[in-house]
Amino acid sequence: MRRLLQSAILAGTVALFTYAPIASAEVESTDPIKITWHDWTGQFITATLVGEMLKSMGYNVEFVPADYIAQFVGLESGDLHVAVEIWETTGKDALEASLATGNTVDLGETGMDAIEEWWYPLYMKEKCPGLPDWTALNDCAEAFSTPETHPKGRYLGGPVTWSGYDDERAESLGLNYEVVHAGTDAALFGEIESAYQRQAPILAWVYAPHWAPAKYEGEWVEFPRYTDECYNDPAWGSNPDMAYDCGKPRGWIKAVGWAGGEDKWPKAYQAIRNFTIDNATMAALIIKVDLEGQSVEDVVAEWLAENESTWKAWTM
Amino acid sequence: MNSTVGLSSRHKFAYTWPLAWGVAFAVVAFIWIGGDLWQWAVKAPKELTWKVEALGSCTSVRLCVTGFFKFMVSNEAYIFPWTFKEFTRFVAACIEFPYQIIRSFLASGFTIPLSGGESWQSPPISWLGLTVVLTAVAYRLRDWKLALMVFLCVAYLAVFGNWESAAITLSSIAVAVPIGIVFGALIGILGYRYEKFERAITPILDLMQTVPIFAYLVPVLFLFGFGPVSAVAATVIYAMPPMVRITMLALKTVPLEIKEFGKMVGCTKRQMTWRVLIPAAAPGLMVGVNQVIMLSLNMVIIASMIGAGGLGFDVLASLRRQAIGDGLEAGIAITLIAIVLDRLTQAWASRSPAPHHETKPTLLQRHKNLMLALLILVGTTAISFVAPFFAQWPEQFEISTGQFWNDLIKWININFFDELEAVKVFLLLNVLKPVKAFLLALPWPGVLLFLALAGLQLGGIRLAILVVSCASFILITGQWTKAMITVYLCGISVVIAAMIGITIGVIASRYPVLKRSVLVFIDTLQTLPSFVYLLPVVMLFRVGDFSAMVAVVLYALPPAVRYTLYGIQQISPSLIEAAKTSGCTKRQLLTKVQFRLAWPEIMLGVNQTVMFALSMLVITALVGTRDLGQEVYIALTKADTGRGLVAGLSVAFIAIITDRLISAAAKKRKQALGL
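Protein chains in written order, with my numbering: chain A, 209 to 524; chain B, 12 to 686.
FYI, nobody ran anything at the bench for these hints, they're computed from the structure. Just so you know, not all the hints are guaranteed correct.
Stated by the list, open to error - Distance ranges between label pairs, derived from CB positions:
| # | chain 1 | residue 1 | chain 2 | residue 2 | range |
| --- | --- | --- | --- | --- | --- |
| 1 | B | 425 | A | 432 | 29 to 39 Å |
| 2 | A | 432 | B | 405 | 53 to 63 Å |
| 3 | B | 45 | A | 447 | 30 to 40 Å |
| 4 | A | 432 | B | 82 | 39 to 49 Å |
| 5 | B | 425 | A | 335 | 13 to 23 Å |
| 6 | B | 526 | A | 337 | 58 to 68 Å |
| 7 | A | 432 | B | 194 | 25 to 35 Å |
| 8 | B | 197 | A | 373 | 50 to 60 Å |
No experiment lies behind these values; they were computed from the predicted model shown. Think of the CB as a built atom: it goes at the ideal place given N, C-alpha and C, for glycine as much as any other residue.
Construct all of the structure, not just a fragment, from the sequences and the given hints.
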């Protein structure tokens, strides 16, 4: 009995110590590349795509769940190695601060284009015909109100941590709306789902690439177009005394990596830099996962099989 | 003698307290009315900052804490011969090693390299084998009823397709629980031996239990790195304190005769501890073990936020794609694991002692069952190479009730939203908003004055100093407004939870049939991760304070029910008989006898309700509250150590203030009742 146990432990120990180097020897280092996993489906797909691509090149890859902002600590120390989706709209400041330390490197744009804006379901257009122009919002404030906010309209913003300057935007554009912050992504879309089921009024923060714009028919409000001056210079725009009198920036989604990886896995980093995918493709993959209930692994495997020539070129 | 002194002093000061409270109210009202004149008192002060950079280079409490942690993880803090970071990373590696082995066994299998770059992947332990073995263990420990229950619970995991995630969750629990138990017991023993040590650790234990977990996730991440190890570390911090407390208590309550006996037969100090005290205190210690298991499972979801994966991750992922049903299924899986572990450990603790053998049995005889179990595990795992059924429950036979739950919520949403909305709006406008406005308008010197008075009246000068200094911390770190919103949300939720809970408790205490189902209900409510019902609550009540309140009430209900039930049941039947014979009506019996005698227990229940409400409040930040919970959550996502810990400590201090005041009141009451 004891001998059995001993040999089991021995086998386990051996297995553990020799855990890593199983891949083929043609890559620079077989230490696992740790790719972070956040909390939205699109990111799982991108991370898995990148991970599978690197695996096919012979690298070892591990996926580590980590918070979107908190991960920078890990990326700088080398606990984590690659984050595949940093959005200009929400993560620009954190990314720039991190790059400034010199411990992380920019791995280039992923080709996706982030959209984040005030959004309403299409059936609200009947109650508020002036939409999508933002100037119609004030006329419809009552249509978008709830008993708590009446007569002001109610806009459901993202979690405070997403920033986005919605309180400032409402004030600066003189919108007669109360900005309510959902605590999480799940709560935000929970309320949209609830309203959509009842065909009830809702005005909320929706972003793309995401399954929501595909599942729910709706439109983004058209604010004055974003420029850097709008955010930095109060004089710009309709309100001469305040900044933020425009829509949200649309922008790149970048990958970022631990600086040490540049020397350790140069080919892998180059492949990530080559990687590119567009919004439409990503949206189609997200829908397969979130609305059709397939697993991320299956969806990614299917895409990789169908587009082999595309991604093989990135790995060269 | 004592009682006469008490009596006379009570006569002497009969009017002192009402008078003091009257003066306090007058002062507060005065400040409030003259609001404009007393701006500094009405407006919550900003965070206290200082110019002199005497303490490092920080200028406020928050920044000092952040600076301290930066220093600790930099390469300048030494624990000879390592830097502090090297030390914590070493600890992390020590945790990682057993974790990887257990995880390989349970979830991922071992990868064994062969020559020529090839490798061989062993399968994880077969689900079928583990189910059989656990069922057999349950049968062996208790009876077929327990066996059936364990079988059903474990089979659920396989049939509902949660096996792999459950195995990952179980791996981190299997590492966290032993660490929590061993270190908890050791610290408890030290506390028992050295009174000074006990006094030193008691406040630390208080903080470990009351500082919201979110607050120390960031420092833990800094020290232990990303991944499952940090999750294990955070779980241990959260789950260990009850073990320490219970160990100290259990050792203290070992009967004197046993200790005397140990001394008489000449035990050394070490023998005394390990051979006499620990075995004698074993039943008590088992309660601690049980608590560690339960609390570790409570942490599953939060642990998955920093990389534990497993069931917690499944719950969060389902909620993110609005799949309420899938989230519920994964949540129930966590509950079932809790139930199985709980019942098995309890059965093991109360098992009949092994028969004494005259002749020394052989190794095989002694471990017959263990051998059999191993044989089953190895056998089924081996068969799983050829028979996929042994490796995994076939996917096409997986059951999912996910759609049903989604449809149920949708149906309620479409048909009853207006009714729910009406109730909500009424409560919001008539209760929540006024209370919030009132609390926010209270001048802070007034609140400090009230707290000081309450402390003086209930427990004397020391209590008064404690509560006032706790409140002052909140004040000088600039969190007064958020703290008041916390008090408001928590206070209303506690009042509602206590009203509902005490009512349920009273009713259940009368009808034994009802009692059983009530107990099952509150057990489920307590172990079901609150995240599971957060989303439906948001769908039905929208983002905001009301949703948060509903979630907090649900979560804080169980202790109110439990303690009320316990309080009423522990009243001696002779007293009830006496009341009945002296002609009490049912109503009089309840109000004049049962309630009064059960009052201290009910108060403890309320106390626990407050603690539960406060710990839940942090989670309600996820549905968008604007209290200290949100502050902690923001700090978490921004990885701001100082901000998180300071806000977390403020939550803890609110908990400590309430706890001390209520406990003092209950103690006073108990003395008055002569119990």
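Tested hints:
1. B:425 with A:432: 29 to 39 Å: Check passed, 37 Å falls within 29 to 39 Å.
2. A:432 with B:405: 53 to 63 Å: holds (57 Å)
3. B:45 with A:447: 30 to 40 Å: Since the Cβ atoms of residue 45 (chain B) and residue 447 (chain A) sit about 37 Å apart, the hinted range of 30 to 40 Å holds.
4. A:432 with B:82: 39 to 49 Å: Cβ of residue 432 (chain A) to Cβ of residue 82 (chain B): about 46 Å, so the range 39 to 49 Å holds.
5. B:425 with A:335: 13 to 23 Å: holds (19 Å)
6. B:526 with A:337: 58 to 68 Å: holds (60 Å)
7. A:432 with B:194: 25 to 35 Å: violated (60 Å)
8. B:197 with A:373: 50 to 60 Å: The hinted range 50 to 60 Å holds for residue 197 (chain B) and residue 373 (chain A), with Cβ atoms some 52 Å apart.
In summary, the one numbered hint that this structure violates is 7.
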